Amino acid sequence: MPIVSAQSLSFSYELRDEEGNVSEHIDALKNVNLDILEGSFVTVLGANGSGKSTFAKQLNALLVPTGGTVFVDGMNTADESHLLDVRKTAGMVFQNPDNQMIASNVEEEIGFGPENLGVPPEDIWKRVNAALDAVGMNAYRKASPNRLSGGQKQRIAIAGIVAMEPKCIVLDEPTAMLDPGGRREVIRTLHALNKTRKVTIILITHYMEEVVDADYCFVMHQGELVMHGTPREIFSDVKTMRELSLDVPQVTEVAYELQQAGVPLPDGILTGAELTAALTAIRDGKDPAAAVREAGGFND
Amino acid sequence: MIEIKDLTYTYEQGTGYEAHALNGVNAVIPDGQFIGLIGHTGSGKSTLIQHLNGLMKATSGDILVDGTSIYSEHYNMRKLRSTVGLVFQYPEHQLFETTVLKDVMFGPKNLGLSDEEARDRARKAMELTGLSGERFENASPFDLSGGQKRRAAIAGVLAMEPKVLILDEPTAGLDPQGRDEILSLIRSLHETRKMTVILVSHSMEDVAEYVERIIVIDTGKIRFDGSPREVFRHYRELEALGLAAPQVTYLMHDLADAGFAVDTDAITVGEARESILKSLPQFGGTV
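From first to last, the protein sequence lines stand for chains A and B. If you're matching positions, the first sequence starts at 1 in our numbering and goes up one per residue. If you're matching positions, the second sequence starts at 301 in our numbering and goes up one per residue.
Honestly, the hints are just simulated from the structure, not real lab data. Bear in mind the structure is a predicted one, so any value in this text is a computation, not a measurement. Hints should not be assumed to be uniformly reliable.
As the list claims (entries may be wrong) - Example chain A residues on the side facing chain B (calculated, C-beta under 7 Å, incomplete):
1. Ala139
2. His206
3. Ser245
4. Gly272
Unchecked claim - Derived coverage of chain A by chain B (criterion: at least 3 residues anywhere in the stretch with Cβ under 8 Å from a Cβ of chain B; other residues may be distant):
5. 26-40
6. 172-182
7. 261-271
C-beta: ideal position from N, C-alpha, C; glycine also.
Next up, chain B with everything else stripped away, as it sits in the complex:
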């Protein structure tokens, strides 16, 4: 469990440029939750996730991981970085080794594991990301396709066996199929390995489809925190924050305005289909 307590991060403190990137953030992230973190560019979401694995240090406030403050004396930061795995934006830009296997082994080796253990972990991680077999192990990471490179980079983080996986816009620049592959991979990690997942995304449709809780951040503060249905009810306010609701939400409101008894909380294609069918007398109950 991660507890974020009154977390504040101030840039250029004490100068004329002083600015709060985070301003009193409070949240509890229980084990095994799948969270979507949304906010416009510059809202503070990347700053927040970099605090969660200790890459940035708060100006004030605290973060407790399983009850212990990561700012306490002698806290094992190296261990934190393996517990909380962070996949950056465009992580494939960080691939550098001569083979995919070596690249994926880099993380676990840095944790001090033997070659053998690191190789075992790398192979497991590559299997999870659909890159198993010698064909991939010995391939240069630079010969992989865009979607494969990204999965190789994610495998590098998974090989450290984190309990919490944070991904910063993992689908940016991928085509619809590549996007679906990455998101299904993340969903299966969450479901089968009970991993806690924090997904930073600019796609409201993806967030609506996959996560169980949404945290909306704006000017360094949490503005909304709840289930996707609850949060997307505030779609007008979200628009004012440079965000939006899934396209389906707008459709459901149009239909409600036209007199259909539809569920305006429907946020996915499946939910919309079901609710619209129920509202059509000719098709009622065909679901």
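Bound-form chain A, shown alone:
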């Protein structure tokens, strides 16, 4: 059973003018159908206004569909009796860590979630410890959140969710405000959670290089799901990505530009190691695609 299943999901809302009359009807999501497998690491790409944040809010019932259905771990998000269980299953992390910090020290911050769930105190401490370990922030447990760096704050926000032991974490542009080091920390933490604790990660991002190591990728455009596939499949289509106001990782772009200049490179090169292997093969008169496979690429 998929952890998330959207079936003919639509979401629309109305804008009203000062007199309360409907002035505009907005279809933020249009007939979205997708499944996300439990334990996978998926990314959602899309231009501003493509509906990806609206989609994210459907996953923990901050919004419920106006058409179609969303199931989270088999529960219909529109069924109010499941509200708490849906939110326990799918935790959310937002863009700005400062908006998510409420406590005066890190361990209280992380304990807030489980405490609200009614977890007994001794178990709360166990969960806080486990969550701090999971994000590598044990050394900062007594620190004040507002004295941490952006990347550290975001890891604490993630730990606060981890302590609620969700099966799935949805992150809406968690690295948009971070420096390169902070971005690395957060992405590494998410992959570790996914690998060691089998938490399903749903990452919404504008940074194409954060998508490269994901299992699967969804691309939204004007409320519709327009592309889905492995990162390699998605980034093989540089032209379409550009048409959707998106981008590809810089290495993929270099490979694409070289292809345009006549270098016989295969589509869908994602990493420097892959491009180096392919170019070495071309220089030495060998098969570039085979070289990329040998370098560990193209096996997904």
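Chain A is fixed; fit chain B onto it per the hints.
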């Protein structure tokens, strides 16, 4: 020209929490330069830019704008704030008026200009940022898209006709197209209006593509100051400072290690393409 001389800013001076946000910063910013200011969160870069338009006052050291210390007696701070325009992070959060035109006029009106002059300037600024026409003038700023809101906020600063434009992460949270629009706008302001631009950014790729000089700040001190090529040569040291080099830099080093005669100083996609083609005997000279 802006001269920053031994600038130091100390928080909670004389207490146990005393900390130097800036610690002896020296730099000269000539007119018309396009500078990238990089550093990890908390490195002191936001503190530095707030000093440049007088929002914060140094604990010691000096800033000279066109030869005059901004800390000298009777210095016209109001004029400084119109000379050095500062666009904060997420500037669209500061939009507040009922129409875009009124919002953009707010700055020039605060400078004491008449309604008419302020309106002229606002219209010019809106044209520069691609928001011209009645459609935008009368629109509520809150009905604009994310990228448009940000351009409206930038127009508000441009309407004060600054000589120096400082932008604190102007592309944060924008999609790739929105990012390219803002950066091309900034480049054209620099090129056509000869504006001095200081771009604070966490995107090494953007900095590599657009600026002519990079200043790296860490623990309140300038660690590197030079052309993008020079600065990104220190990519290992930059990583230790919580920064990085553009992805292309890593690719070029991989290729050099594999025996390709490529330029490891290439920092943009265009430069990488050219250098790689030259290094492939079959494609040499096809550029």
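Which hints from the list above does the structure break, by number from lowest to highest? Result: hints 1, 5 break, sorted rising.
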